[in-house]
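Following the hints, complete the assembly by docking chain S onto the known chain C.
Top line first, the protein sequences correspond to chains C and S. Residues in the first sequence are numbered consecutively from 1, following full-length UniProt numbering. Residues in the second sequence are numbered consecutively from 1, following full-length UniProt numbering.
Hint data in this document are derived by calculation from the structure and do not stem from the laboratory. Even for Gly, the Cβ is constructed at its ideal location relative to N, Cα and C.
Heads up, incomplete: computed chain C residues facing chain S, CB under 10 Å, no partners named: (1) Ile48; (2) Arg50; (3) Cys121; (4) Val273.
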Amino acid sequence: MAEASDSPLNAPPATRMLAHFWMILGVIVVAFPIYYVFIASTHATQTILRPPLPLIPGPEAGSNYSEAFSGGVSRIGGVSLWRLLANTTIVALGIALGKIAISMASAYAIVFFRFPLRMVCFWLIFITLMLPVEVRIQPTYKVMVDLGLIDTYPGLILPLIASATATLLFRQFFMTIPDELLEAARVDGAGPWRFFRDILWPLSLTNVAAIFVIQFIYGWTQYLWPLLVTNSNEMNTIVIALKKMISFADADTPWNLVMVTSVLAILPPILVVVLMQRWFVKGLVETEK
Amino acid sequence: MRRTVFPHKLLPWLLVAPQLAITLIFFYWPAGQAFRQSMLKEDPFGLSSTFVGFANFRRVLSDPNYLNSLQVTVIFSALVAFFAMAIALFLAVQAEKIVRGKGFYRTMMIWPYAVAPAIAGMLWLFMFNPSFGTLARPLRAMGINWNPLLNSDHAMILIVAAATWKQISYNFLFFVAGLQAIPRSLLEAAAIDGASRRHSFWTITFPLLAPTTFFLLVVNTVYALFDTFGIIHAVTGGGPGKATETLVYKVYNDGFVNLIMGDSAAQSVILMVIVIALTAFQFRFIERRVHYG
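Next up, chain C with everything else stripped away, as it sits in the complex (with noise of 0.2 Å):
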């Protein structure tokens, strides 16, 4: 912090102490219901169905976990963990990247080509801003099925890629971009492919790191439309097998691996954020405003 220690703004020490104590429950609040279905994955299903819950985990760490894997999911869901993880990493990857790839294309051209309809091009995409897949999501589950998407990864990705934030961000990206680079850039004969991969795409990658960040997480958390296009048990997200699983719950079911899976769920999405923190932070902030 670079503040003076006399500013006056400065909060009085008693002052600082009440806002740790107010943070420390901020953090207890939003972080124990995910602290609480790690434990739970570590214990037997008899003490998940007996509570209280233990608030430390327990002995069954290893015991669920490899049971989990090899083949526990499997009976209780029609589909491997491993099945379920890589589907979903599939989708979120998709998603991601095909979204980058699309709306940096479009931008580019949008940018910096002059074209008929160009501005045509640029509003038919902004506004699809304006129509979520939740207010279209029975017309578009018919055109999914009239060109034979059900139940295949692009009918998963492809109709969730094409949005216009990224577009909108790179657009305006790439609208800082000084003329004269582009100029000097012509000078020494660079074509647009050049351009792009010497010039553009260095300067973009703060950029394109965030919108991974979020779109991966984006990709990772859909629920509506993999519950439409997927019928069969093979092509679930791990989300909708998790759900699928709980909804036919009985007596028999094997609680300690329901919270397994729901911990993999969780997992991938949070080391992402975590991890790339910085970008996606920065990203966030500055593309959504």
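Just chain S, lined up with the frame of chain C:
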């Protein structure tokens, strides 16, 4: 306006083509279908349909179930937006006072952002499950007959809690950024003039945060309207009765469970109008950088 551009004529079309194609196939075509279908009445077997004008809209808008879900949506969205923003603002203000450890608190606060709404709902149901939830026990011990699966108020409280919990991270990050952008000289001047911290918060900080607050209000409303489908589907299924059936949940229910296409399409169109209004509102107010400073 950019002065220098590449002279190519075909290349830019190839570059926008992928996004345009996906946009046309998965956005405009279905949206057009929704409009068309909202004016049609299908026979029960889906074999033929007749044009009925605005009859579907009239029926939907006078259906007590629809009005109920409209009411549920308004209550739910208002509660979620209010609590998610109030708690986040309170914590962001606390974080501002802290000199050491800010980074640590931020890292801990952003976790729920990465949790799928449906899973957030399952976590809260798990903690507050009437039969084996650890946190349901103290409620019962206090004499509350806690049962979110049977009591509609309890169901609403549970989904509001889960939806709020998930959104605090997002709001917190924006409020922290908003607070940092407030000129320190203003606050210092107020402090030198003897204004109390509380007083300068309400007269300087809060009004200057207005752009952030308005932006978050729109984002939180859109979140509560659409992104919380997973929470409701996973926790209450719209029940008990129809106590937690929001507008989006009803579109899904009528379109995919009850198979009433015309009504579902008419509801989709109404939702589109709501989103367009919200977006227009956002651009009108946010772009003007509202504040009363």
